[in-house]
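Could you slot chain B onto chain A? The hints should help.
This is what each chain is made of:
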Amino acid sequence: MKFMRSSDAIILAILVVAMVFIGLVNPAFWQMSNLFSLLKENVVIGIMALGVLLVMISGGIDVSFTAFAVAGMYLTVRVMVALDYNGLVLPFMSAILIGGLLGLMNAGIIHRFKMIPLIVTLGTASVVRGLVLGLVGTSNVNINKMPDALVAFGKADLVTLERANGSTYGLTAMIAIYLGLALALHLVLKYTMIGRSVYAYGADPEAAKRVGFSTGRTMMFVYVTAGALAGFSGLLHSSMIWLANPRDFVGLELDVIAAVVLGGASIFGGRGTVLGTVLGVFILVMIQNSLILMGIDTTWQRIVVGAMLIAAVTVTALRDRRALV
Amino acid sequence: MNDTNSTVTRRGLRNLTRGEAAQTNLMLAVVCVVVLVAMAMLRPSMFLSSYNFESMAFFMPELGILSIAMMIAMLTGGIDLSIVGVANLAGITAGTLFATMAGDGGTGALGLGPVTLGVVAALLVGMAAGLLNGFLISVLKITPILATLGTGQVFIGLCLVLTGGPAIVGFPSGWNAIGNGKLLGIPVPLIIFALICIALSVLLARTSFGLRLKLIGTNPKAAVYAGIKRGEMIFYSYMLTGGLAAMAGILLSARTNAAKSDYGASYLLQAVLIAVLGGTNPAGGRGNVLGVALALISLTLLSSGFQMMRVSNHLIDFIWGGVLIAVIALNSWRSWKRT
Chain A
0 MKFMRSSDAI ILAILVVAMV FIGLVNPAFW QMSNLFSLLK ENVVIGIMAL GVLLVMISGG
60 IDVSFTAFAV AGMYLTVRVM VALDYNGLVL PFMSAILIGG LLGLMNAGII HRFKMIPLIV
120 TLGTASVVRG LVLGLVGTSN VNINKMPDAL VAFGKADLVT LERANGSTYG LTAMIAIYLG
180 LALALHLVLK YTMIGRSVYA YGADPEAAKR VGFSTGRTMM FVYVTAGALA GFSGLLHSSM
240 IWLANPRDFV GLELDVIAAV VLGGASIFGG RGTVLGTVLG VFILVMIQNS LILMGIDTTW
300 QRIVVGAMLI AAVTVTALRD RRALV
Chain B
0 MNDTNSTVTR RGLRNLTRGE AAQTNLMLAV VCVVVLVAMA MLRPSMFLSS YNFESMAFFM
60 PELGILSIAM MIAMLTGGID LSIVGVANLA GITAGTLFAT MAGDGGTGAL GLGPVTLGVV
120 AALLVGMAAG LLNGFLISVL KITPILATLG TGQVFIGLCL VLTGGPAIVG FPSGWNAIGN
180 GKLLGIPVPL IIFALICIAL SVLLARTSFG LRLKLIGTNP KAAVYAGIKR GEMIFYSYML
240 TGGLAAMAGI LLSARTNAAK SDYGASYLLQ AVLIAVLGGT NPAGGRGNVL GVALALISLT
300 LLSSGFQMMR VSNHLIDFIW GGVLIAVIAL NSWRSWKRT
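In order, the protein sequence lines correspond to chains A and B.
Each residue of the first sequence is one higher than the last, beginning at 0 in numbering that gives the first Met the number 0.
Each residue of the second sequence is one higher than the last, beginning at 0 in numbering that gives the first Met the number 0.
FYI, nobody ran anything at the bench for these hints, they're computed from the structure.
Don't take every hint at face value.
[To be verified] So these bits of chain B aren't anywhere near chain A, every CB distance computed over 10 Å: (1) Val30; (2) Asn175; (3) Arg309.
[As the list claims (entries may be wrong)] To be clear about the criterion: a stretch of chain A counts as covered by chain B if any three or more of its residues have a C-beta under 8 Å from a C-beta of chain B, and this derived list gives those stretches: (4) 114-123; (5) 298-307.
Each residue gets a CB set at the ideal place from its N, CA and C atoms; glycine is no exception.
In isolation and in its complexed conformation, chain A is listed as follows:
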């Protein structure tokens, strides 16, 4: 019954309450097609959130991951179009590699120069976005040019259902990839030495060093993994929307960070769980997408996200303060 007292249980309770409430305001929320599309919305933000969670547990903050996602996605797709290549494995490996290498750059600068991660990642984000847009191009790769293999991959469904009028809708298979990655990260964080070192470093870098963790290797693991997840999520996103837009993801940083904080991770490091983050992402996506269902004008969306972030950080700040006493 340890679970019942954890923050994850509280987040789950909030999620259930919110779902019941939205369902009461508009029963259309419970339609299978709406739930499926909500789950689909979770995939890309969720994979990015896993990376952000890792950085936050280590006591840092990352605002460069959306730029890395764009780099991984756009460079890969442009090369595929140029070479007329139509595969799946190599492109995803390339996106992961691009993201990972850019993450390595973050890790190097943050560790070597002992500089605040926020400012470093603001800088690297601007560098990467500037280079991609300035040197590679600003035009979309549209559906007619998108490699078929990517489009077909993004279309794959786990379950397909039929509406009353005969049209079909399905649950995207990408949700399985997302949950698989989440499970893998959960296991790594919980049961491996490198995973425990992230918590140790986030809680107290000096103590982690004295116990014998190599801080350089921990930082590298954190930022390379976050970058790789970002690169992967970028290409996955483009395969799901059949479009590669180099201006994508602008301003998405905040939503993802908000989701991770909503999931109970502490910006001071040392706290945060994969389950909490997955739930946090679901809450955020659900509330954003349900504003229309609840009859609220979409211009209010940013206020709602901002207010949710403030509420979540207030609660975690109060929790962490109590934990200090």
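Chain B only, in chain A's frame:
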């Protein structure tokens, strides 16, 4: 005559080069001159034209004021990511106010009274925003990064709700004079910027308020033991930041004759960069107005020079980011050398 002059200069130089902040400032002044000379040699006819300097004098102050606002937040070891949201909200509030006051008559006819009211309203919005940030940071003990990230979203959201999305256009002519007018041949925004620089230099360097702000950033615990009311100071510092951001918003909307929720989005990174480049320590305790002003001038010269060489805006973003990282590396190298 010549002799006395040179000794004065020498003594002046010695004073200038003393201390770390002074060294940074000297380096920045050198960078300014180098960029100026390099650009003047590469594109003499365009770069050295009075038009170029005049246009810089009109758009530089907005960014300069935002950078100083960022520096104030950094002095206590914080950061304010909501400044651009505050700036736009201030401009939009004033714009909405003018539209309401003018009714069907059109905002162009509004006189000095309504314009003054608009300025006051905009500054009040900025200070109220700062008050909210200060409350979250000092009372609820939320980290400045997350608190201002959240409030920044709320402010941009309020801008969207107030405008419904598109830009508000058509401000009174008195308002536009703030952003486009000239007084004795000097652009009004530049005069405002200079006044703010002087006032804040005095505030930070010559008053106990400035000293206390820096002490909080240098050593929060020692500051509390020295009897400084930390919470109260943080309230003041974020209100000052918010007020300055609103001033930048007034200049921005006055210069462009429009206000929109996403104007000046790239200013956030640039303000952080200029503050850090100007010798502000993001961990708190160190920062001076002169350094920020010099960093602003050198970067404005640099980016205007690149624009004339037809470098794409995206690559200029790349350069801004690259400079930020280079400065971080340089600062780290310098502090490593000291120890």
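Going by Cβ atoms, does B/Val30 stay more than 10 Å from chain A at every point?
With a cut-off of 10 Å, B/Val30 remains clear of chain A, as the shortest Cβ separation is near 18 Å.
Take a quick look at B/Asn175 and tell me if its Cβ sits farther than 10 Å from every Cβ on chain A, holds or violated.
Non-interface label on B/Asn175 holds, nearest chain A Cβ at 27 Å vs cutoff 10 Å.
If I take the minimum Cβ distance from B/Arg309 to any residue of chain A, is it greater than 10 Å?
holds, 12 Å
Chain B covers the segment 298-307 of chain A, three or more CB atoms within 8 Å, holds or violated
holds (count 9)
Okay, the segment 114-123 of chain A and chain B, do three or more residues pass the C-beta test at under 8 Å?
Result for this restraint: holds, n = 8.
Of the numbered hints listed earlier, not one is contradicted by the structure.
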